[in-house]
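Peer 1: Counting from 1, position 74 in the sequence shown corresponds to residue 74 in this note's numbering; the numbering is continuous, with no gaps.
One should not assume that every hint holds.
Computed spacing ranges between beta-carbons, pair by pair [what the hints assert, rightly or not]: (1) Ser57 x Ile129: 26 to 32 Å; (2) Phe101 x Ser57: 42 to 48 Å; (3) Tyr106 x Pro133: 22 to 28 Å; (4) Asn136 x Pro48: 34 to 40 Å.
No lab work stands behind these hints: they were computed from the structure. From the three backbone atoms N, C-alpha and C, an ideal C-beta is built for every residue, glycine too.
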Amino acid sequence: PRGIEIAVPILGRVSLQVAVLFLIQLLANIFASAVGVRFNLWMMDMVPITRRGRFLSLRERVMVISGTALSLVSSWILDGCKAIDRELVGYCVLVGMAALFVVQSYRIVSRIDYFDAEDCTKKHSLITIFTEPLKNRQFLPVVLYLMLWNFAVYMTASYVNVYLLSDLKISY
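Using the sequences and the hints given, assemble the complete structure.
Peer 2: Next up, the structure:
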């Protein structure tokens, strides 16, 4: 749901825009929380215990370094486009780059060989996949915590960026 936020300004009334943006953020963070926990559990199942610490450490380093590098490149692109009065072109370039990263990530993950597990033979409905973890009393606080954390971080991040750009006059 992240990319759909671009369409919010065409809705007209500000109150409707705020309500729709709030709903999009809420749904995105609910899905991110649920998927994030499941993804981490999936990685725990895929990586042997003897290599897990090294793998997770390397994964975290790659994520921090690539996130920092992409932020710097993104800011350089946006500053360059803003300097020639083509700010929207800069955003289009970044959205295009994000789409390429999504396609590449899908290609990489789809090539992973999965191990055979007895649980994988059962068919589950989409509703069951999202509701079953919430029935586990030990797992529920983790999901709720991550949902609230993601919601708080992503809701405030947009406003912090606007504040940095407009009030503090910091470039991209």
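Peer 1: For the hint 26 to 32 Å, verify it against the beta carbon of Ser57 and that of Ile129.
Peer 2: Holds, since Ser57 and Ile129 (Cβ atoms, about 30 Å apart) stay within the stated range.
Peer 1: Using the C-beta atoms of Tyr106 and Pro133, is the stated range 22 to 28 Å upheld?
Peer 2: 24 Å, holds
Peer 1: Given a hinted range of 34 to 40 Å, is it respected by the beta-carbon distance of Asn136 and Pro48?
Peer 2: Check failed, 25 Å falls outside 34 to 40 Å.
Peer 1: The hint says 42 to 48 Å between Phe101 and Ser57; measuring C-beta to C-beta, is that right?
Peer 2: Given a distance of about 23 Å, which is not inside 42 to 48 Å, the answer is violated.
In this structure, the hints that do not hold are numbers 2 and 4, in rising order.
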